[in-house]
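2 protein chains.
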Amino acid sequence: MSKINIGQNIFTQTMPVTLLGTKINDKPNFMTLAWVTRANANPPLFAVAVNRVHKSDYGIRENNSFSINFPSEDMITQTDYCGLVSGRNIDKSDIFKVFYGELEGAPMIMECPVSIECRLFDILELPTNDLFIGEVVAAYTERKYLTDDNLDIKKINPLILTMPDNNYWKVGEHAGNAWEIGKNFKD
Amino acid sequence: MSKINIGQNIFTQTMPVTLLGTKINDKPNFMTLAWVTRANANPPLFAVAVNRVHKSDYGIRENNSFSINFPSEDMITQTDYCGLVSGRNIDKSDIFKVFYGELEGAPMIMECPVSIECRLFDILELPTNDLFIGEVVAAYTERKYLTDDNLDIKKINPLILTMPDNNYWKVGEHAGNAWEIGKNFKD
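Just so you know, the sequences run in chain order A and B.
Just add 1042 to wherever you are in the first sequence, counting from 1, and you've got this note's numbering.
Just add 1042 to wherever you are in the second sequence, counting from 1, and you've got this note's numbering.
I should point out that these hints are in silico values taken from the structure, not numbers from a laboratory.
Be careful, since some hints might not be right.
Pairs of lysine-lysine residues, derived as DSSO-like cross-links and limited to a Cα-Cα distance of at most 30 Å, are as follows [claimed, not checked]:
no.: 1; chain 1: A; residue 1: Lys1197; chain 2: A; residue 2: Lys1225
no.: 2; chain 1: B; residue 1: Lys1196; chain 2: B; residue 2: Lys1186
no.: 3; chain 1: A; residue 1: Lys1045; chain 2: B; residue 2: Lys1139
no.: 4; chain 1: A; residue 1: Lys1069; chain 2: A; residue 2: Lys1097
no.: 5; chain 1: B; residue 1: Lys1045; chain 2: A; residue 2: Lys1069
no.: 6; chain 1: A; residue 1: Lys1197; chain 2: B; residue 2: Lys1196
no.: 7; chain 1: B; residue 1: Lys1212; chain 2: A; residue 2: Lys1225
no.: 8; chain 1: A; residue 1: Lys1139; chain 2: A; residue 2: Lys1186
no.: 9; chain 1: A; residue 1: Lys1186; chain 2: B; residue 2: Lys1212
no.: 10; chain 1: B; residue 1: Lys1186; chain 2: A; residue 2: Lys1045
no.: 11; chain 1: A; residue 1: Lys1045; chain 2: B; residue 2: Lys1196
no.: 12; chain 1: A; residue 1: Lys1186; chain 2: A; residue 2: Lys1196
no.: 13; chain 1: B; residue 1: Lys1139; chain 2: B; residue 2: Lys1212
no.: 14; chain 1: B; residue 1: Lys1225; chain 2: A; residue 2: Lys1069
Bound conformation, chain A alone (with noise of 0.2 Å):
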């Protein structure tokens, strides 16, 4: 094997495709994002990082919280088109029907399978971005997506990102247990 240095570019190597809803000027606004993750176990916390020349870093400073929208397959077209036009220029409060929880400042896609509303917890400024930490306040989905009572990945049929190829993918074939195909392991 032989490896070969391909520069500091990088990103992950599948991104989960999301919306991040905020409010700007009293209106809903989404905007595409990946590059997201659960940061903290106990409370849930998650961390988006959100380049600070977007709107969406104003909405979420001004109302103290911000929405993560998982979109399904069959909305790529919107979902995409978010990330292709700025709240600057462009209304997007009339792409999807919007639904709240607990926090005013934090507009859910009823049109997605999974939404997510989060309060600022915390921000860590960072050179280019802001990384805005959340505490999750709560999780909305359909009955229709769950099986046993847990979220199906199969019926959310969500949308994976790759850069900087920019691509987006289907979750393919089941490839094993966590926490359990590791125990056939002999060292």
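Could you slot chain B onto chain A? The hints should help.
Relative to chain A, chain B alone:
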């Protein structure tokens, strides 16, 4: 559509499966990690969320560096094993062939299609987890994983994790081109 509240312990709907490389007492250690995201555009920074109960937390603080390695599906058993056993009790230094780039404290895995070495940039201490921010020093692959000089996700064949059902998945069918398919959207 009728939304139901499914509580607070929610996860990113798909998570990239990685192996976090650290050095502990001068030996390489690897921990399965799926709470990771790119965090900053320029310079390239990653955020990894590590529960403070893990030995890897100590390893990063000790050496101010870590690596992020993306295993392929054929490494699923060893990868899952690294999430089942702790570096506190088990020496995980000989599971993989190890190589180094510039940083002595960031052991990388030869068998992984993609590895990233990171210098510690900042730490955000959250209630149970440390969110380590790492600056990319370099990323490594092999020519066989490239198509037209770009990383090819189908050749890399990485693993995706879903929680709390705890399943590993493969990347599936191509769904569309990002920053492109949305141009077809008519509001």
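Quick rundown of the hints versus the structure:
no. : hint                   : result
1   : A:Lys1197 to A:Lys1225 : holds, 29 Å
2   : B:Lys1196 to B:Lys1186 : holds, 11 Å
3   : A:Lys1045 to B:Lys1139 : holds, 13 Å
4   : A:Lys1069 to A:Lys1097 : holds, 12 Å
5   : B:Lys1045 to A:Lys1069 : holds, 21 Å
6   : A:Lys1197 to B:Lys1196 : holds, 23 Å
7   : B:Lys1212 to A:Lys1225 : holds, 20 Å
8   : A:Lys1139 to A:Lys1186 : holds, 18 Å
9   : A:Lys1186 to B:Lys1212 : holds, 23 Å
10  : B:Lys1186 to A:Lys1045 : holds, 10 Å
11  : A:Lys1045 to B:Lys1196 : holds, 19 Å
12  : A:Lys1186 to A:Lys1196 : holds, 11 Å
13  : B:Lys1139 to B:Lys1212 : holds, 24 Å
14  : B:Lys1225 to A:Lys1069 : holds, 23 Å
When the structure is compared with the earlier hints, no violation turns up for any of them.
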